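Residue numbers (the working numbering), protein chains in the order written: chain D, 32 to 345; chain W, 2 to 433; chain U, 382 to 679.
FYI, nobody ran anything at the bench for these hints, they're computed from the structure. Small disclaimer: the values here were computed from a predicted structure and weren't measured. It cannot be assumed that every hint is accurate.
[Said to hold, decoys possible] Covered stretches of chain U, as calculated for chain D (at least 3 residues, CB under 8 angstroms):
hint, region
1, 476-484
2, 589-597
3, 641-653
[Said to hold, decoys possible] Lysine-lysine pairs mimicking DSS-like chemistry, simulated, CA-CA at most 25 angstroms apart:
hint, chain 1, residue 1, chain 2, residue 2
4, U, K499, W, K224
5, W, K407, W, K209
6, D, K58, W, K283
7, W, K407, W, K186
8, W, K79, D, K160
9, W, K421, D, K160
10, W, K113, D, K160
11, U, K555, W, K283
12, D, K160, W, K427
13, W, K268, D, K58
14, W, K113, D, K58
15, W, K407, W, K427
16, W, K427, W, K268
17, W, K421, W, K381
Where is the CB? At the ideal position from N, CA and C, for every residue including glycine.
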Amino acid sequence: MTSFRRTTLGLGLGLLVLGLAAPLLPKWALFLVTIAIGKGLVALGLLLLMRTGLVSFGQGLYFAAGAYAAGVGSQGLGIGDAVPMVLLGGLVAALVAAVLGLLLARYRAIFFAMLSLAFSMILYGLLVKTSALGSTDGFNVAPRTVFGLPAGSGLGRYGVYALAALCAFGAAVGLDRYLGSYLGRLAPAVRDNELRVEYMGASVRNVVHLNLVLAAALAGVGGALTALAVGHIDPEMAYWTTSGEFVFVAILSGTSSVAAPFAGALLLELLRSFAYEHAPNTWQLVMGAAMLAVILFLPEGLWSIFRRRRRATT
Amino acid sequence: MRTAPSRSRLARLAAVAATLALAAPAATRAQEPQKFRIGVVTFLSGAAAGPFGVPARNGAEVLVEALNAGKAPAPYAKAGIGGRPIELVFLDEAGGTTKQVSEFRDLVQRQKVDAVIGYISSGDCLAVAPVAEELKALTVFFDCGTPRIFEDASYKYVFRTSSHAAMDNVAAALYVTEMLPKAKKIAGINQNYAWGQDSWNDFEESMKQLRPGTTVTTSQMPKLLAGQYGAEISALMAGSPDVIHSSFWGGDLDAFVLQAVPRGALKKSTAVLTCGETATHKLGGQIPDGTMIGARGPHGAYAPENELNKFYRAAYQDRFVLSPNYPAYHMAQSILGLKTAYEKAQAAGAANPTTDQVAAAFEGITFETPSGTIKMALGKGHQAIEETVYGQAKLVKGKLTFVNVKRYPAEKVNPPEGVKSADWIKAGFKAK
Amino acid sequence: MSTILAVLVDGVIYASWLFVIAAGLTIIYGVMRILNMAHGSLYALGAYAAASLAGAWLRAGWAPMGSYAMLLVAALLVGLVVGPLVERGLLRFCYGRDEVVLVLVTYALFLMIEDAIKLAWGVESYFVSEPYGLLGNVELGPLSYPVYSAVLVLAAVVVGVALRFGIYGTRYGKILTAVIHDREASAALGVNVSRVYLVTFTLGTMLAAIGGALTAPTVSVVPGMGVEVIVLAFAVVVIGGLGSMQGAALGALIVGLVRSAAVHFFPEVELFSIYLVMALVLAVRPRGLFVAAEARKI
């Protein structure tokens, strides 16, 4: 069996589990999983960037762009269903990245990270200034239907959850496929040595630009899904701490598997929920300590636990 | 040395424990009423914790303790809420709206609280309101300011027991025109986020309505938590306005006052600080005479000398030395409003009223608080109005006092039902 | 005319404040390749320590002028205690990791220090405003500035000159430069690199704490005061070029003047003026103003 088939099968199993678990999950957990998938999608985009050797401290920009596009599409353009809202979110985020990428694709390392951060903070500033979009208070988003089903009913929550699960499955399979393709294989080559890639006749800048756009599209879809699940959008989504959290999820998950970002995001959400409840006064301390523990003791990310064990058994 | 219990002993212990666990709740339920659990969400960390979140939490603690002991004065002498002892579950409001919606769901669906009281940030209120409606969870906003909550939507399970922010700035403009008959040049310094932007717009528009020909020298909008206001203060002073309006709060307000006073900026122009009350508790001596101070209602030094206020202030000072500030008063309003609604539903015949019954009873009630009478008059009976007060600071023997205190009745500074604040102000304080 | 004077004066005061903070950030990055996200928390720690120490001094009724010394002592204390603690206790286990991972390590540190500050000082605000007004005011046209602002400018100049002399004029500075250029070669030549790191981080912490201590009299010291500072300081060092001291000085001056001009002429764009400048500078000079492009390795 090829690795691609195996991954697809594994992800399909994951989707099945998500589907079967839905009726059993308590409602608060349903919401938690939906949010984790939204954030996991952003981290999946970061995984692609990290394979290219880039880390963006400004993914919040595309996250917010996707969310605002979905929100404006629903409120301003009258899009009623959740599916086109999510697609619009991904599309707008990709377009933003296509434009910014003209500049961003020239940067590497910490400069890429900081320039991304600057762009996301500019968007934050613009959103805060735009009272038509509610300034810092943001505005509420509520789709009328999900897959044609009325969203107001109890089914709506399951609809958004199902949509998120399908998006996650599609994105993970698609990205896995892409990583195995010619273009996808150029990503680690760019990370290792750009000159060699250029001597081979490939354009480093195009590869970087394309991966930027793909990562942004994933972040946009994630943003739109998060907006649908939360029901509210505000500029905080573009703030640098939001972006920092995505980077943390990506590092936590490691770059070895396309499923890892979702597991990492879920773990982070659970951890934070736990810290909020049991240490309302010191939850930041708990989060910080957990982060340090992962970085110090699991340098390859959480996924490395599974791999190590598998290696040990074979 | 203790020896480990054998396995069979463990099993027996477990069995006994299990029986006890099963029997105990049934037994206690018969004897004493079930607890009334309230999720309380305020800032416990970050910049808003010191001036708002923690005083509100403190207020909730002392008030609930007194209520549970049945020590509160009339009409709240009945223990707990409708005879049920109150249990508070505190949560930190920091972390953004996504986090708050997630935690709200957790409070309602997993921790199964009977009601939620909370939210200082308007963004959090806006985000939580539709979720509360979806989950049919009784939710009382205690402090957030934006009028949009009940002006742009209507809710069945969501209430706000304090006035929205339009009142603060309308009253500020009324006070300015009353106290400074010649003031025509105004300037503003407000934080660059929804609260600051709305506050300034309402104030500017109110001034233009009340005194046609008012000009604006500058409107400064520094970032939230900027901390350094040197350039802004220069820009304010350069225009030599008669009045400087600010809705700053917390550390930003303190920093602004500390940086503006030595430069004389607040002597040449009169400052009107709509949230000034929270700063007076610690910064009192630094505030120049004549500065106009608001408290977002009749709270703190402006609270009426009624029995409830005497009791509340004494209970708070007993524990925390400082006197309660306006967020602590807002918190008391929410708890007492909830208690009133619950007991009203009980009086209507339900011994253990459902959430729906309590929500129905809450609509449009009038109740007494340490800050006087609260009427749930707007937003179809879900939005409170209260009177508001402005006064001017005056140092007497190193102690801050308030002079020229003016009280504005609730109906004068709040729009009538069904009219949006912004439209009401633009129409010259008349319903269109 | 007076407006332009005000823009310049306000801009320079703001730039001085920024420079002291950014200098610490850039020296840590220059030597250790760590973009320290906890720098803002160290700044806040300095402010808290200064407010407590100078406050205690003033409450004890000792000469008010001594409070200036207390501000400085507090900052040095924070540097000497927290700097080595963080470097020896945490950072040294992370050397050799990716720069981005190191950013995350310091981000975690930032979260932890924020809560540690809360545990130590609570969420109440602290004041020590006396030093701000003590020196009186100077009148510049229609505007009046506290002399304390001049102290801030002076402090920035002293820090700048001292660092420049320290790096280019002393033996230790030459060792430092050697470590910056090639860590392995310096180690092979007998330089105690781990001690250089320890000293550098302590120095950087001290600079952050001095920034906080000098700010303390002008603000109320509250939780969260370090958050905004981090991104501002980042913008400054990225504009100037990461690791460059001249860059930090020029970056601070640019940011200070741009912000002050925005406040006076276009208050509505103040919020993102700094990031706009940063994006513009990076668009033209991808590595900032003072860093030459690196040769690409094959």
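Hint-by-hint comparison with the structure:
Residues of the region 476-484 of chain U lying with their CB closer than 8 angstroms to a CB of chain D number 5, which satisfies the three-residue condition for coverage. Coverage of the region 589-597 of chain U by chain D is violated in this model, with 0 residues showing a Cβ closer than 8 angstroms to a Cβ of that chain against a need of three. Interface restraint, the region 641-653 of chain U with chain D: holds (3 residues with C-beta to C-beta distance below 8 angstroms; minimum three). For the hint pairing K499 of chain U with K224 of chain W, the CA-to-CA distance comes to about 23 angstroms; that is within 25 angstroms, so the pair holds.
A threshold of 25 angstroms between alpha carbons decides the hint, and for K407 of chain W with K209 of chain W the separation of about 21 angstroms falls inside it, so the pair holds. Under the criterion of a C-alpha separation no larger than 25 angstroms, the hint pairing K58 of chain D with K283 of chain W is inconsistent with the structure, at around 45 angstroms. At most 25 angstroms may separate the alpha-carbon atoms for a hinted pair to count; K407 of chain W and K186 of chain W meet this at roughly 22 angstroms. At roughly 49 angstroms between alpha-carbon atoms, K79 of chain W and K160 of chain D are farther apart than 25 angstroms, so this suggested pair is violated.
Annotation: proposed proximity of K421 of chain W to K160 of chain D holds, straight-line Cα distance about 22 angstroms (limit 25 angstroms). Proposed proximity of K113 of chain W and K160 of chain D is contradicted: the alpha carbons are some 38 angstroms apart, above 25 angstroms. A hinted pair counts as satisfied when its Cα atoms are at most 25 angstroms apart, and K555 of chain U with K283 of chain W does not qualify at roughly 50 angstroms. Taking the CA atoms of K160 of chain D and K427 of chain W, the gap is near 22 angstroms; set against the 25 angstroms cutoff, the hint holds.
Of the pairs offered as hints, the one joining K268 of chain W and K58 of chain D is violated, with about 57 angstroms between alpha carbons and a cut-off of 25 angstroms exceeded. With a CA separation close to 12 angstroms, the supplied pair K113 of chain W and K58 of chain D stays within the 25 angstroms bound. Between K407 of chain W and K427 of chain W the alpha-carbon distance is near 24 angstroms, which keeps this suggested pair within the 25 angstroms criterion. With a C-alpha separation of about 31 angstroms, the suggested pairing of K427 of chain W with K268 of chain W is violated against the 25 angstroms cut-off.
Taking the CA atoms of K421 of chain W and K381 of chain W, the gap is near 13 angstroms; set against the 25 angstroms cutoff, the hint holds.
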